[in-house]
Amino acid sequence: MDDPVVAASDLCASPRRDSVVNDMAIEVATVNGSGSQSANTVLLRSIFQMGVPVSGKNLFPSNIAGLPTWFLIRASKDGYVARKKEVDLLVAVNPETAREDLAQLKAGGAAVYDEPFGLAHVRSDVTFYPVPLDKVVARAGGGVKLRMLLRNIAYVGVLARLLELDMSEVERAIHRQFDKKARALELNLAVARSGFEYAAALAKRDPYLIRRMDATRAKIVADGNSAAALGALFAGVTVVTWYPITPSSSLVEALIRYLKKYRVRPDGKATYAVIQAEDELAAVGIAIGAGWAGARAMTATSGPGVSLMAEFAGLGYFAEVPAVVFDVQRVGPSTGLPTRTSQGDVLSTAFLSHGDTQHVLLFPGTVEECFTMAIDAFDLAETLQTPVFVMSDLDLGMNSWTCDPFPYPERPIRRGKVLSKEDLDRLGAFARYRDVDGDAIPYRTHPLAAYFTRGTGHDEQACYSERPGDFERNMERLQRKMDGARSVAPSPVVEGRGARVGIMAYGSSHHAVAEARDELRELGIETDYLRVRAYPFARQVHAFFEEHERVYVVEQNRDGQMASLVKLDLAAELAARVRSIAHITGVPLDAGSVAEELAMMEKQ
Amino acid sequence: MDRSSPLVIPSVNRIGLAAADYRGLKSTLCAGCGHNSVSERIADALHEMGVPPERVAKFSGIGCSSKSLAYFLSRSHAFNAVHGRMPSVATGALIANRSLVAVGVSGDGDTASIGIGQFVHLMRRNLPILYIVEDNGVYGLTKGQMSATADTGSRSKAGIPNELPPIDICALAIQLGATFVARSFSGDKSQLSALLRAAIAHRGTVVLHVISPCVTFNDHEGSTKSYAYMKDHDEPLQELSFVPAFKEIAVEYSAGTSVEVTMHDGSLLRLRKLEEEYDPRDKIGAVSRLLKAQALGEMITGIFFIDTEATTFLDRLNLVDGPLATLPEEAVRPSRVVFDEIMDSLR
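Taken in order, these protein sequences are the chains called A and B.
When you line the first sequence up against my numbering, it's residues 1 to 604, in that order.
When you line the second sequence up against my numbering, it's residues 1 to 347, in that order.
Check the hints yourself; a few may be wrong.
Under the rule of at most 20 Å between Cα atoms (straight-line distance), these lysine to aspartate or glutamate pairs were calculated in the EDC-like manner [to be verified]:
id : chain 1 : residue 1 : chain 2 : residue 2
1  : A       : K261      : B       : E329
2  : B       : K292      : B       : D315
3  : A       : K260      : B       : D321
4  : A       : K261      : B       : E276
5  : A       : K219      : B       : D340
6  : A       : K260      : B       : E341
7  : A       : K260      : B       : E276
8  : A       : K180      : B       : E276
If you're looking for bench data, these hints aren't it; they were derived computationally from the structure.
This one's a predicted model, so the numbers in the text were calculated from it and none came from an experiment.
Construct all of the structure, not just a fragment, from the sequences and the given hints.
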């Protein structure tokens with residue numbers, strides 16, 4: 001056991017193949033609460049600093065400490081950022097799951113594991129690198145107390161050697177991570193070096209290498225929740241409400257940090273308020289109240305919270321009050337898988353609440369869009385005077401993505417049709433719900449002119465009315481207003497032209513689809529691609545169905561919710577063109593699964 | 001009782017508005033409904049206090065009481081929200097615009113049943129709002145089901161006695177942090193008027209619990225929320241007199257028999273003790289007295305608790321002057337320099 005080189009060479013008979021450069025999936029299998037997150041971030045950033053596109057996904061349990069956690073790092077010279085189905089390189093540091101983890105490793109892959117696990121005899125088709133992590137830590141002077149934490153940075157040092165990462169980049173990443181903690185910085189540097197030195201004795205037998213590229217120079221690494229928080233900050237949010245719920249909490253927590261830093265005046269006075277409410281009913285109620293009184297108000301939640309917000313969402317729609325709701329989707333039904341990703345709230349949120357209610361949904365597909373659509377959402381909510389839901393998800397929201405820097409918002413804030421005191425004096429009269437301009441959007445005040453806002457039936461003057469004509473006219477106007485949203489919400493992105501087969505996707509499924517299209521092309525299946533970015537659907541969505549014989553709607557839920565939603569919008573002959581590829585496992589969608597299923601369906 | 005109030009209300013108040021400027025639409029509630037009296041008292045109190053109607057925002061949930069927002073102050077903003085959730089809407093509106101004077105009207109169902117969660121947290125925050133609970137012990141709009149404030153043994157119109165104990169809204173409010181808690185009866189015009197005027201002068205959460213009989217579903221023999229029952233059992237703890245800051249203090253009381261409270265705006269609230277031991281500045285004593293009343297089946301009214309020093313929720317937020325709602329773009333969108341700094345930190 002003392003000589004890892006012997007152990008590795010004894011058990012791995014396969015010869016060294018051609019190198020695989022800048023294209024691999026690394027899985028770190030560890031234990032929740034063991035402090036692996038910083039080490040994994042260091043590894044991710046080291047690869048990023050080498051100029052290689054990289055993304056990181058944390059598959060974590062609903063638990064504070066003790067249950068298994070997996071961190072997936074994908075380096076891809078082609079810029080693919082979706083989860084890769086196969087694992088090329090495993091780092092097994094969780095004894096509970098080590099054998100199961102090993103079973104998932106691709107044939108020809110490699111496994112770094114904590115030597116005492118004794119895994120080397122389990123498979124013969126992979127390379128093993130046993131590393132006595134505790135010894136590596138001890139060699140660097142890491143005391144027993146910190147050993148559990150430092151084991152993480154030890155495997156980073158080992159991987160740096162095996163992948164031929166530039167150690168100076170690893171050290172730079174460690175500096176960045178532990179910048180403000182001198183003792184932690186020193187120890188982590190020492191243990192990483194110790195791992196790097198230890199691995200010098202390992203005979204490299206796997207093909208995976210990281211080589212310098214120049215594909216990340218202009219890029220940033222960010223998660224969607226922080227991006228959405230920045231979007232809200234630059235949208236000029238003034239009232240933020242929330243009730244903590246995974247996976248949306250980090251959005252509000254990031255926003256609070258930014259607001260404290262950038263929106264407090266020198267005299268200590270804030271240009272915003274953040275309210276941690278007693279539940280999601282109150283969170284959305286405060287947002288609606290604030291939106292009514294003229295604030296740019298938002299809340300962030302996930303599925304269970306959205307369910308609780310239903311009644312207020314209907315009030316917002318019917319009384320025409322702006323508010324922005326970020327739904328960072330997780331797996332339902334019910335409590336579901338609280339720490340896993342899904343696109344399972346699409347259908348219920350589109351029509352959230354009773355009666356003929358309909359909402360504007362935005363579907364950010366990238367971290368950058370989490371930023372831009374946050375700004376769009378506030379502008380749309382005030383322009384249309386209605387709640388707007390930003391449908392992010394856990395994968396997009398909580399994971400680390402290499403992405404383009406965000407654009408500074410050039411467009412001035414759009415506050416919609418708000419009458420000033422001067423307007424009111426000039427007009428003399430004001431009818432809250434009158435369609436003055438023919439676009440079904442009435443004028444409001446912040447409140448300057450008194451009117452009675454209500455969830456009960458009302459006429460143009462906002463007076464209670466049970467008259468059939470008043471009710472029908474108002475509901476038809478609301479329908480026209482939502483129809484108008486089709487052309488003002490972010491339009492779909494269409495790629496490719498002339499193929500007979502189309503793919504429609506949205507949100508974080510985009511990344512698996514983008515890669516699947518390349519795989520399908522290799523299989524001889526040409527596809528055009530429409531990425532939906534908002535509901536109600538823009539006209540381009542209908543056109544896409546007109547132009548394609550079949551359109552596969554790819555999404556991460558069981559029932560094909562987007563497929564159903566688009567069918568409601570399409571004429572019967574076009575609805576017949578909808579094909580659904582819908583899966584929900586809690587694990588982010590991968591390209592291989594999409595390509596495989598689509599190819600199979602095309603054969604039929 | 002209300003000795004300092006003028007016997008004749010002047011035709012215009014100190015901001016030149018007539019009582020009619022504080023009126024609302026014609027009530028659609030039942031003739032004789034206690035809520036209609038409360039609406040009139042609210043309008044009159046705001047008129048007498050010279051509060052500009054345009055600065056008032058009215059809030060309510062769902063129910064007969066919540067409908068009554070329409071029956072006073074047509075010149076004010078109003079938000080008739082969803083059942084039991086008025087506190088959150090009012091909270092949001094006040095954060096957005098601190099210059100609003102908030103008046104919330106709720107009922108026993110809207111507050112003590114479906115809305116108890118939001119009520120509890122409203123109290124905790126001490127949001128500056130006048131929160132009026134018009135309590136008739138029944139659900140009127142759904143035709144007479146018992147509510148959570150109905151007294152044990154009180155009989156429904158069909159003669160069925162209520163078995164569960166009532167929720168004491170006032171005791172709960174005091175315990176949870178409300179800073180002005182009082183009870184009155186819709187039929188006691190002078191007490192209710194004085195309480196309302198003092199409540200308007202208070203800065204913090206006011207809970208004004210008004211027993212307001214339902215003439216259609218809960219005004220019969222055997223009900224403990226009927227006009228007859230209240231007239232027989234109403235036991236005021238104090239005689240109230242309220243002198244607004246803008247008026248001369250004209251009435252003197254002999255020392256020792258009254259408690260004087262100077263309000264946030266300089267107004268003076270004088271309470272002539274009818275119960276010698278009772279001091280409404282004593283929180284523990286207040287809750288204790290209410291529990292005792294419940295045990296003895298007493299219907300006490302008056303000011304149970306007042307604290308004029310507590311910090312309000314809006315003060316805690318440390319907001320810039322002027323409403324958040326109308327901050328200009330340059331105040332709420334950080335500069336490109338800040339933006340570039342943040343982008344650099346993500347590289």
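Hints violated by the structure (listed by number, smallest first): 2, 4, 7 and 8
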